[in-house]
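**Q** With the sequences and hints as input, model every part of the structure.
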Amino acid sequence: MNDDAVLCVRGLRTELGGRPVLAGVDLEAARGKVLAVVGTSGAGKTTLLRALNYLTPFQAGEVVVAGLRLRPGMCERADAAALRAVRQKVGMVFQSFHLFPHLTALANVVEAPRRVLGLAADAAEARARALLDRVGLAAHADAMPQTLSGGQQQRVAIARALAMEPVVLLLDEPTSALDPRLTADVLAVVSDLTTAGQTMVVVTHVVGFARRVADHVAVLAGGRIVEHGPPEEVLERPRAAETRAWLGEG
Amino acid sequence: MAALTAAAWILGAVHAVAAGPPADALARMRARGTLRWGGDMQGGEPFVFQDPQDGRLVGFEVEIADALARRLGLTAEFVQNDWSMLIPSLERGDFDVAMNGLEVTDARRGRVAFSRPYYVFTETLVVRRGDRGAETLGDLRGRRVGTLEASLAFDLLAAVPGIDVVRYEGVEEPYLDLERRRLDAVLLDNIIATRYGLPRRALQAAGTFGEGTYAIAFRPDEPELATAVDGALAAMMQAGELRRILERWKLWDARQASLGDAARPAGAADPARTLAGFHVGLFLRGAAVTVVISTLAMCLAILGGLVLSLTRRYGARAARAAATAYIEVMRGTPVLLQLYVIYFGLAPILTLDAFTAAVLGLGLNYAAYEAELYRAGLEAVPVGQTEAALALGMSRGLALRRIILPQALRVALPGIANDFIALLKDSSLVSVITVVELTKQMTITAVDVRGWLGPGLLCAALYLAMSYPLSRLARRLERRLAPAPA
Chain A
1 MNDDAVLCVR GLRTELGGRP VLAGVDLEAA RGKVLAVVGT SGAGKTTLLR
51 ALNYLTPFQA GEVVVAGLRL RPGMCERADA AALRAVRQKV GMVFQSFHLF
101 PHLTALANVV EAPRRVLGLA ADAAEARARA LLDRVGLAAH ADAMPQTLSG
151 GQQQRVAIAR ALAMEPVVLL LDEPTSALDP RLTADVLAVV SDLTTAGQTM
201 VVVTHVVGFA RRVADHVAVL AGGRIVEHGP PEEVLERPRA AETRAWLGEG
Chain B
251 MAALTAAAWI LGAVHAVAAG PPADALARMR ARGTLRWGGD MQGGEPFVFQ
301 DPQDGRLVGF EVEIADALAR RLGLTAEFVQ NDWSMLIPSL ERGDFDVAMN
351 GLEVTDARRG RVAFSRPYYV FTETLVVRRG DRGAETLGDL RGRRVGTLEA
401 SLAFDLLAAV PGIDVVRYEG VEEPYLDLER RRLDAVLLDN IIATRYGLPR
451 RALQAAGTFG EGTYAIAFRP DEPELATAVD GALAAMMQAG ELRRILERWK
501 LWDARQASLG DAARPAGAAD PARTLAGFHV GLFLRGAAVT VVISTLAMCL
551 AILGGLVLSL TRRYGARAAR AAATAYIEVM RGTPVLLQLY VIYFGLAPIL
601 TLDAFTAAVL GLGLNYAAYE AELYRAGLEA VPVGQTEAAL ALGMSRGLAL
651 RRIILPQALR VALPGIANDF IALLKDSSLV SVITVVELTK QMTITAVDVR
701 GWLGPGLLCA ALYLAMSYPL SRLARRLERR LAPAPA
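Taken in sequence, the protein lines are chains A and B.
For the first sequence, the residue numbers in my numbering are 1 to 250.
For the second sequence, the residue numbers in my numbering are 251 to 736.
Honestly, the hints are just simulated from the structure, not real lab data.
Be a bit skeptical, because a hint or two may be false.
Under 7 Å between C-beta atoms, here's a sample of chain A residues computed to sit facing chain B [claimed, not checked]:
1) Leu55
2) Met92
3) Ala112
Yeah, the Cβ is synthetic: ideal placement off N, Cα and C, and Gly gets one too.
**A** Here is the structure:
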């Protein structure tokens, strides 16, 4: 494992109903960099991302994140403490956000630092307001999620994940649920985070998005990483047939 | 054509009602060939009951009815009727006469005509063995004394201020409650005391009070029937037939010697009583009991339902099975039966007072329904919500408490408000375990003022006043908490 890698995946295999989804994935995310996992729909990108915080269990291989290890066959009940420890270090932004509909935007962001990290109410609120300001939503702190646009909800979800000060931030198709105009807003937020040195793993099937944000691109096809490297190599001079197929489709 | 037929049918029905029974009841019965008499088998031995051997209807009143019918050239035909409703059913014309331990009380004399008496009873005061200091009715001040409603014993007790009179509908239950120390004494007819109270080894007779008679009740506008029955009764007495019947049932005693001279009870002027201010006060007190019992039971149901639904969803296998079984049993059996089991059935092991048993019975029953509402609520929360909470490093318990339950409750809340309305009305069932709440107060008052309409309307108005704000609240909750897009 590279010294710089904060996230390291080795030989990851998952099955869904007896059908292999990931067939041995190796992957590293370097500190302070953005890793884009790309590929066609159904390639297993989301499954891979969800395996990184064990929302989807895996049957073989391992994930090491911030020095903590996820093993195959862990159990939500028996390994609750170990899973919680990993998840506190790994932030996740879901494709459809999953904001808590009964809480305001601010309360969505306050909840985990306050209840999980045990921050004092005023400290948690100060942190949350700073994050909402950072994603450009200071004025919407008291709005209920369902009154916000998709792009705004996306950014609240990013602020909510960042509030735990994660070592790695996982983003699942951050632009797919958005109007193309709004992609720019998300892009701006992600660029801002890159500047601040936030390590990120972004799953996307949008070539342009990968080109703009990624430091490193990994192409997932048929449950394996078929090719990876800097975007200018992988996206401009693809070697694998699967990469060329995906680029042609995009 | 169909409409015409229907109209003719309705007109015919109205006509039949308007015409009522023909003037001469006796002639009508002779034409029919039967003496239809109303009673309640549940009154039990020795009045009218089913022979445990063969299910045949037996009892000393059955034999009196048979003998009377024979002397009138008729066949006796028994009509089963709830005991507390014998007089209203007689007035409605469901049978010709009512005979089932009907005591000749002032209230009844004002409402129906009575035959000459066929039995003389006294009131027996029963206490727990070893209890001293209850020789006179005055000694009962400040104590809880059980008796049957609309009985002479009730009138005797009600005339002494300061006695806490508890009303029962059955003859077995007051003695059970006396044994379990939920009562201090029971005052009932000596027949009942001898058969149901004194056989219990923990109980003893403390004395007898007053004298009263059983007689046969008629509709007041059928004097020729009353005269004929009286004649037949007198003939039975002269022939010694009544005495033989009573002796066969071990009911003959020195008091019965006066039967031969007893005249037919005179009708009493019906003091046309109306709803008075104090009735409204009693109704409000009944409504308060209804509110308090329903509210406490609902609190229990809300908490119990939550525990049940969470056990069912997250518990270990055995706990899940137990919760499921509980819910199915509670929803699949009548709440009336559950109240009986909790109050009377559990009494030998756990003697609860009536109020506690009422709250517990209703609460435990409704907990099963609330559990189902929570389940629907929990199922309505998308799985993504749990995942988002877990992904933030929350424990499952924290995620449940802070994220899942608040959303599930929003879904369940309108249903819970609706169930509270249903519970308010179901709480009327607790009158079977001697609690006097709103509906019971209504039936008591209806007997008091000899009419159902006024008390019924007042009772309905109070229920509506309690449930309408709740139903408004439920509808508002439904609108406000319409599932938000997650």
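**Q** Does each hint fit the structure? Answer for all of them.
**A** Verification of the hints:
1. Leu55: Given a least distance of 5 Å, the restraint on Leu55(A) holds.
2. Met92: holds, 4 Å
3. Ala112: holds, 4 Å
Every hint, counting from the list given before, is met by this structure.
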